[in-house]
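Colleague: Given next are the chains, with one letter for each unit.
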Amino acid sequence: MTTDHIVKSFDDELNKLSDLVSRMGGLAEEQIERAIDALQKRDGVAATETIENDRKIDALQLEIEELAIQMIVRRQPLAADLRHTVAALKIAPLIERIGDYAKNIGRRTLALNQSPPVKPLFTIPRMGRMARNMVQDVLDAFSNNDVEKARAVWERDAELDDMYDSLFRELLTYMMEDPRSITACTHLLFVARNIERIGDIATNIAEVVHYQVEGQTLSEDRPKADEASVTVVEPQ
Amino acid sequence: MTDPAMSEEQNVTPALDPQGTTASAPAKRATKVDARDVDVFYGDKQALDKVTIEIPENQVTAFIGPSGCGKSTFLRCINRMNDTIDICRVEGTIAIDGRDIYDHDIDVVQLRAQVGMVFQKPNPFPKSIYDNIAYGPRIHGMVAGKSDTDDLVESSLKRAGLWDEVKDRLEQPGTGLSGGQQQRLCIARAIAVSPEVILMDEPCSALDPIATARIEELIDELRQNFTIVIVTHSMQQAARVSQKTAFFHLGILVEQGATEQIFTNPEDKRTQDYITGRFG
Chain A
0 MTTDHIVKSF
10 DDELNKLSDL
20 VSRMGGLAEE
30 QIERAIDALQ
40 KRDGVAATET
50 IENDRKIDAL
60 QLEIEELAIQ
70 MIVRRQPLAA
80 DLRHTVAALK
90 IAPLIERIGD
100 YAKNIGRRTL
110 ALNQSPPVKP
120 LFTIPRMGRM
130 ARNMVQDVLD
140 AFSNNDVEKA
150 RAVWERDAEL
160 DDMYDSLFRE
170 LLTYMMEDPR
180 SITACTHLLF
190 VARNIERIGD
200 IATNIAEVVH
210 YQVEGQTLSE
220 DRPKADEASV
230 TVVEPQ
Chain B
0 MTDPAMSEEQ
10 NVTPALDPQG
20 TTASAPAKRA
30 TKVDARDVDV
40 FYGDKQALDK
50 VTIEIPENQV
60 TAFIGPSGCG
70 KSTFLRCINR
80 MNDTIDICRV
90 EGTIAIDGRD
100 IYDHDIDVVQ
110 LRAQVGMVFQ
120 KPNPFPKSIY
130 DNIAYGPRIH
140 GMVAGKSDTD
150 DLVESSLKRA
160 GLWDEVKDRL
170 EQPGTGLSGG
180 QQQRLCIARA
190 IAVSPEVILM
200 DEPCSALDPI
210 ATARIEELID
220 ELRQNFTIVI
230 VTHSMQQAAR
240 VSQKTAFFHL
250 GILVEQGATE
260 QIFTNPEDKR
270 TQDYITGRFG
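Protein chains in written order, with numbering that gives the first Met the number 0: chain A, 0 to 235; chain B, 0 to 279.
Rather than coming from a laboratory, the hints here were simulated on the basis of the structure.
Treat the hints loosely; a few may be bogus.
Stated by the list, open to error - Computed spacing ranges between beta-carbons, pair by pair:
(1) B:D106 / A:S218: 50 to 58 Å
(2) B:D82 / A:I71: 38 to 46 Å
(3) B:E153 / A:I71: 36 to 44 Å
(4) B:P208 / A:K55: 40 to 48 Å
(5) A:Q75 / B:T51: 50 to 58 Å
(6) B:A257 / A:E32: 44 to 52 Å
(7) A:S228 / B:A257: 39 to 47 Å
(8) A:R41 / B:A257: 58 to 66 Å
(9) A:K55 / B:E164: 43 to 51 Å
(10) A:G25 / B:Q260: 29 to 37 Å
(11) A:S218 / B:D167: 42 to 50 Å
(12) A:A110 / B:Q260: 50 to 58 Å
(13) A:E147 / B:E164: 58 to 66 Å
Glycine is no exception: its CB is placed at the ideal position from the N, C-alpha and C atoms.
Whenever a hint applies, use it, and build me the whole structure from the sequences.
Modeller: Structural data, given as structure tokens:
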């Protein structure tokens, strides 16, 4: 948008809306990183911090929604302004769910710390990094109206799904080899599932960015490689 | 209802799109008013440049644009009100039901019964409510006697949503009504002569929100039987009442399309800038 609104406060509000979404996204990215780090290091203190910080994300969602609603009242936004306002209203709860998944990873870490460590799992931190980058990139795309970048995130999710599928098998195998690891492995399964879900949400955000910029919803089916839902591993 | 001025052309009226004959299929709307390359000059100054637009039948088309963009000038071309302005010259064609209304043998008085107009400031005649409605039909020879006239006055006022409020005081002056009532009286007056098209130039600008809402409701009902063109300064009103919107700027028709699309995802930057309040 190169031209400014005649009424400056309208521009101020649109900018504030973008800023709030970026801040909320930034917090969510930090939470993902902190949660995975705490998991790897079996750090209960950091895990507890992650759980408590989630309320900051929830507070931002409320602020974004209130601002967007007031903008609808005051400005009756149209065209790109309308799409931007609607996009913020759709994205805020999506980021809030990302925050919830990160918080849940924190909870699982506390549970996992009560069992002996499972074999070192490199996949989970890799998945975590990937999901975090997807969130960062898609929110950059939102701030910059960058459809191409959003689309790239949308497509990367298939890779994350693949990693989840192979981790799923791996954990089933561990559980069958050693039943004492079942509790820990089950928690790790949920952790992996949470990360995979974060990736899914990033693609939802990408779809909203597409709508914001193009004015039309992305009509294709997302490339989804979710084989884990139908995976069966037989005991030997 | 046949119009003497146009009846000889009934057999060359452009046919409805074949899909339009099936009740269940989503029909492409027939075009009621077809304007091609319309140029309008006030003396040497060009006010409109190559305006081409199809106004669909039984729908509401909204003209929006900043002050001075030519939308009201174009509206007035459709019932040749611009003829009353000496220095105004119109070129190009404007056809209603396939007949060019600027043809030399068009009866302009009849045209203005066909194509009614409602103005920004309600302008009832200085006559009784009854005579405001009856005047047009009487001079056009549309009513046979008092009983006919009574029926027509009643049905027009009912269709304009005003009957209940005035039925017990039809002999009182039209100018004694409130602004909103006067505007509905003017709409009833326009309807009474059985128009096919109703032109409205900012019909709600002088009215309060409740009166405005009642007019908008009326417009929604009227479009079932009439083709309506409305000039409005309110983006939200255009979005609410119209199915097609045309954006004018500096005498040019910049963009036209389905109302939903114009207000959520316009194609032209000038349209976007205007409707989002980025320039006046």
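Colleague: Could you run down the list of hints and mark each one as holding or not?
Modeller: So, going through the hints one by one against the coordinates:
Between D106 (chain B) and S218 (chain A) the C-beta distance comes to about 53 Å, which sits within the given range of 50 to 58 Å. In this structure the supplied range 38 to 46 Å holds for D82 (chain B) paired with I71 (chain A), their Cβ-Cβ distance being about 45 Å. Range check, E153 (chain B) to I71 (chain A): Cβ separation about 43 Å, and the 36 to 44 Å hint holds. Between P208 (chain B) and K55 (chain A) the beta carbons are some 41 Å apart, a value that agrees with the proposed interval 40 to 48 Å.
For the hinted restraint 50 to 58 Å between Q75 (chain A) and T51 (chain B), the CB-CB distance of approximately 30 Å leaves it violated. A beta carbon spacing of about 46 Å between A257 (chain B) and E32 (chain A) agrees with the range 44 to 52 Å that was offered as a hint. Between S228 (chain A) and A257 (chain B) the beta carbon distance is about 41 Å. The supplied range of 39 to 47 Å therefore holds. At roughly 59 Å, the beta-carbon separation of R41 (chain A) and A257 (chain B) lies within the given 58 to 66 Å, and the hint holds.
Take K55 (chain A) and E164 (chain B): their Cβ atoms lie about 58 Å apart, and the range 43 to 51 Å is violated. Separated by about 35 Å at the C-beta atoms, G25 (chain A) and Q260 (chain B) satisfy the suggested range of 29 to 37 Å. Under the hint 42 to 50 Å, the C-beta atoms of S218 (chain A) and D167 (chain B), about 59 Å apart, miss the expected range. Here the CB-CB span from A110 (chain A) to Q260 (chain B) is close to 52 Å, well matched to the stated 50 to 58 Å.
In this structure, E147 (chain A) and E164 (chain B) meet the distance hint of 58 to 66 Å, their C-beta atoms being roughly 60 Å apart.
When the structure is compared with the earlier hints, violations turn up for hints 5, 9, 11 and for no others.
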